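Place chain B on chain A using the hints.
2 protein chains.
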Amino acid sequence: MPVFLGSSDADFDARFDELLGSKREASVEVGDTVARIIADVREKGDAAVLALTEKFDGQSLTPETMRFSDTEIDAAYRDVPADVRSALELAHERITAHHEKQLPNDHIYQDHLGVTLGTRWTAIEAVGLYVPGGLASYPSSVLMNAVPAKVAGVDRLAMVVPTPKGVVNPAILAAARIAGVTEIYRIGGAQAVAALAYGTETIAPVYKIVGPGNAYVATAKRQVFGKVGIDMIAGPSEVLVIADDSANPTWVAADLIAQAEHGAGAQSILMTTSQKLADAVVAEVERQIATLRAPENARQGWDDFGAVIVIDTLDHAVKLANRIASEHVELALDDPHPMIPRIRNAGAIFVGHHTPEAIGDYVGGSNHVLPTARSARFASGLGVLDFVKRTSILQCPPDALSELAKATVSLAESEGLEGHGRSVSIRLNR
Amino acid sequence: MPVFLGSSDADFDARFDELLGSKREASVEVGDTVARIIADVREKGDAAVLALTEKFDGQSLTPETMRFSDTEIDAAYRDVPADVRSALELAHERITAHHEKQLPNDHIYQDHLGVTLGTRWTAIEAVGLYVPGGLASYPSSVLMNAVPAKVAGVDRLAMVVPTPKGVVNPAILAAARIAGVTEIYRIGGAQAVAALAYGTETIAPVYKIVGPGNAYVATAKRQVFGKVGIDMIAGPSEVLVIADDSANPTWVAADLIAQAEHGAGAQSILMTTSQKLADAVVAEVERQIATLRAPENARQGWDDFGAVIVIDTLDHAVKLANRIASEHVELALDDPHPMIPRIRNAGAIFVGHHTPEAIGDYVGGSNHVLPTARSARFASGLGVLDFVKRTSILQCPPDALSELAKATVSLAESEGLEGHGRSVSIRLNR
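Protein chains in written order, with my numbering: chain A, 1 to 430; chain B, 1 to 430.
Quick caveat, the hints were computed from the structure, so don't treat them as lab data. All values derive from a computational prediction rather than experimental measurement. Possibly wrong hints are sitting among the right ones.
No distinction is drawn between identical chains; accordingly, a pair holds when it is met within one copy or between any pair of copies.
Derived pair list, reagent style EDC-like, types lysine to aspartate or glutamate, alpha-carbon separation capped at 20 Å [unchecked claim]:
id	residue 1	residue 2
1	Lys101	Glu284
2	Lys23	Asp303
3	Lys227	Asp399
4	Lys319	Asp70
5	Lys55	Glu43
6	Lys406	Asp17
7	Lys44	Glu201
8	Lys227	Glu201
9	Lys165	Asp303
10	Lys23	Glu43
11	Lys23	Glu403
12	Lys276	Glu64
13	Lys276	Asp40
14	Lys227	Asp303
15	Lys319	Glu125
16	Lys101	Glu403
17	Lys406	Glu89
18	Lys406	Asp46
19	Lys319	Asp155
20	Lys319	Asp17
21	Lys319	Glu286
22	Lys276	Asp83
23	Lys165	Asp245
24	Lys55	Asp244
One chain only, chain A, in its complex shape (with noise of 0.2 Å):
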């Protein structure tokens, strides 16, 4: 059962505090496992990593068979269905379409004492891409990881992927073979994590790591923060659909499941200004639960974590929305687009009646790895900015130097660093 709240209930803020404070994700204590599997990779390097691939994954590897050829990776793409391979090529296409916008300029000037200001972005030249195997397994999230650090003009992008017993999915391949990606090895977890970081005597360090993984791959990718960069650490999925009553109860409750059927710990929130809305999507969610051919997911995510929230005006909504900070906002209002500028924390925000949150999964171009568990309130989806990196660039000519001089040597003296002073004031004497 999903909990329902009445913003004319008098427990209701309690409650709704209640509901943000939910804990949806156990928290699992692998840190000394972590760290000492990265020691060992640090220490042993393929070796570490081929044993630890055999213990976890039953898989017995060699530094040769643990890269994928691309005889492997061209087999795999023509294996996947052809519904599903073109599905694949137009999303890329429309991911990479949209992503080519999110290139940065350059931003050279100089300003009025003559000094040369600047902002210069380059690209990274080696990032490390975690796709995980098994059950979230999701050849979309290749192309979500893959297209922006190639449009954002990375050199070299390593892709890791378990595979237990062997077990590949060939789609994973083929949405890799389709972004671009020809460097993937079979291997997986914290090791796999360890040996992106630090490189061994077959796979040459990156400088950044992004994907999701399981509380191995996320501590993992804590404890290498610093010596490489990392994207956030995913949480489970979410999705709060703002309705009124002229949203369809039967498009609503279906994004609702959509939502939920990602299972444990997915959360499904409806808040709406009408009790005859919120009545009939309930219905609606348990009519059409039924008539999935494996229910349990969406059932599991809708009882455990769905909410119905009926309140009074839009303007409470927003405040509400605000404080819950979703990965996906969907706007299914008769007139959305006052709303869109008041819905200020938000990973992405969906808008109107025909734009179900399943869109902007596959094809609709943004990115589908945005922030979730409320950290939408500091955080962004993925997207080029994140395969990009600034340098400043300053330039004083002699006079300008001169003018700042006084203020710099003021500064540095009273911050005790008198070498920082003298570094400028010996420029003047001449």
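Then chain B, alone, in the frame of chain A:
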């Protein structure tokens, strides 16, 4: 004694690798202590923060005296010598003007199917700013951290600064006041990071924490990452001066000393095509260090991690510089401009003979919080973009949804997400 390397030496590559790998910071394992402190603050709030402040800073505070009053901040501002105050005002003005140019623009457009796609930027609502006490307590760093947040439009900026035994540097408070920061707490260490991340009765939680700190602070930031956003973990400062025989050895030596005087772990590297310049600079460094009022830090920085590298060509310098990926790169060259685009990995580039790095530390206008320890290979200096976040906008008109439905359903089905496909197909039946 600094390290001397010549590209004609037989063991050059090995010794350069050794220089790259040199560890300039002791690893301090404080993970468990920090975890206990964070748990304590989460559980007991103010009481834990006050007890830990008494224990570590020897300061007995109450919830009321934990925060600096406006009167105290105003008094500190007046206590700062006039030349330092006006230098801070000039720095504030120039840093603000430069960072205003970093404000990103929303970009929302329609594609050929009529799909509206876009990126919308908003400021983070609440940010915490950590300012170290003691030796490394720099008012310039307050400006460098606070100004981009203010320019970004952050609503609430909460600053913490430890004041061991009650000692506070008035210039820190003056810089905060000039930057418009008025919510300042006299607490520090892991307990201050925990208070900012989780909140206490007195301190409302923030969504991101920035600013440098010791091993406890850095470890605490790493542990609260995910609950809140954090900036990079800062390491010891460093400079790489690339010089040809047009460089003035006196000026180059002063720049190397300015970096070395940051003391423990700081690194100054001279890379030059001129053996003559190298010799002259080394002699000048000795001469100038001896004339410093407090030569100890520069002496230690130069002796422990200083390096002089003589190479044959600037092409070689480019290759090595990109591997070093220094926080600061100075181009003390006759013709520096062709080198700028070739230096791909650098936090900031200081161009020409009249741009000592110290200008960038204070009043140049660019940010002095820059990636250290080779992280310029994947990270950027602090800027406005660190205080804003992106939200994707997606809107499909009904026709576009029909157009994209087939591919979405194919991909959803192939990923075992029937509900995703259905949320699209169900909308086509009307």
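Evaluation of the provided hints:
1. In this assembly of identical chains, Lys101 and Glu284 lie within 20 Å of each other by CA distance neither inside one copy nor across copies; the values are 39 Å within and 50 Å between.
2. In this assembly of identical chains, the alpha carbons of Lys23 and Asp303 lie at most 20 Å apart only when taken from the same copy (14 Å versus 52 Å across copies).
3. Taking CA atoms no more than 20 Å apart as the test, Lys227 paired with Asp399 passes in neither setting, with 40 Å inside one copy and 48 Å between copies.
4. Taking the shortest alpha-carbon separations for Lys319 and Asp70, neither the intra-copy value of 52 Å nor the inter-copy value of 31 Å comes in at or below 20 Å.
5. Proximity of Lys55 and Glu43 under a CA criterion of 20 Å is satisfied intra-copy only: 18 Å inside one chain copy versus 39 Å between copies.
6. With identical chains, the CA atoms of Lys406 and Asp17 are never at most 20 Å apart, being 54 Å at best within one copy and 40 Å at best between copies.
7. In this assembly of identical chains, the alpha carbons of Lys44 and Glu201 lie at most 20 Å apart only when taken from the same copy (9 Å versus 49 Å across copies).
8. Proximity of Lys227 and Glu201 under a CA criterion of 20 Å is satisfied intra-copy only: 18 Å inside one chain copy versus 36 Å between copies.
9. Proximity of Lys165 and Asp303 under a CA criterion of 20 Å is satisfied in neither setting, with 34 Å inside one chain copy and 54 Å between copies.
10. When the C-alpha separation of Lys23 and Glu43 is checked against a cutoff of 20 Å, the pair qualifies only between copies, where the shortest distance is 17 Å, while the shortest distance within a copy is 37 Å.
11. Proximity of Lys23 to Glu403 under the C-alpha cut-off of 20 Å is found in neither arrangement, the shortest distances being 57 Å within a copy and 39 Å between copies.
12. Taking CA atoms no more than 20 Å apart as the test, Lys276 paired with Glu64 passes in neither setting, with 63 Å inside one copy and 49 Å between copies.
13. Taking CA atoms no more than 20 Å apart as the test, Lys276 paired with Asp40 passes in neither setting, with 59 Å inside one copy and 46 Å between copies.
14. Taking identical chains as interchangeable, the C-alpha atoms of Lys227 and Asp303 are never at most 20 Å apart, the minima being 41 Å within one chain and 25 Å between chains.
15. For the identical chains of this complex, Lys319 and Glu125 are inter-copy neighbours only, at 13 Å across copies versus 42 Å inside a copy, given an alpha-carbon limit of 20 Å.
16. Taking identical chains as interchangeable, the C-alpha atoms of Lys101 and Glu403 are never at most 20 Å apart, the minima being 40 Å within one chain and 22 Å between chains.
17. Taking the shortest alpha-carbon separations for Lys406 and Glu89, only the inter-copy value of 13 Å comes in at or below 20 Å, while the best intra-copy value is 60 Å.
18. In the homo-oligomer, the alpha carbons of Lys406 and Asp46 never lie at most 20 Å apart, since the shortest distance is 56 Å inside one protomer and 43 Å across protomers.
19. In this assembly of identical chains, the alpha carbons of Lys319 and Asp155 lie at most 20 Å apart only when taken from different copies (16 Å versus 43 Å within one copy).
20. In the homo-oligomer, the alpha carbons of Lys319 and Asp17 lie at most 20 Å apart inside one protomer (13 Å), although the nearest pairing across protomers, at 55 Å, exceeds that limit.
21. When the C-alpha separation of Lys319 and Glu286 is checked against a cutoff of 20 Å, the pair qualifies neither within a copy, at 29 Å, nor between copies, at 63 Å.
22. In this assembly of identical chains, the alpha carbons of Lys276 and Asp83 never lie at most 20 Å apart, being 40 Å within a copy and 68 Å across copies at closest.
23. Proximity of Lys165 and Asp245 under a CA criterion of 20 Å is satisfied in neither setting, with 51 Å inside one chain copy and 62 Å between copies.
24. Neither within a single protomer nor between protomers do Lys55 and Asp244 lie at most 20 Å apart by alpha-carbon distance, with minima of 53 Å and 55 Å respectively.
Figure legend: structure checked against the earlier numbered hints; hints not met, in rising order: 1, 3, 4, 6, 9, 11, 12, 13, 14, 16, 18, 21, 22, 23, 24.
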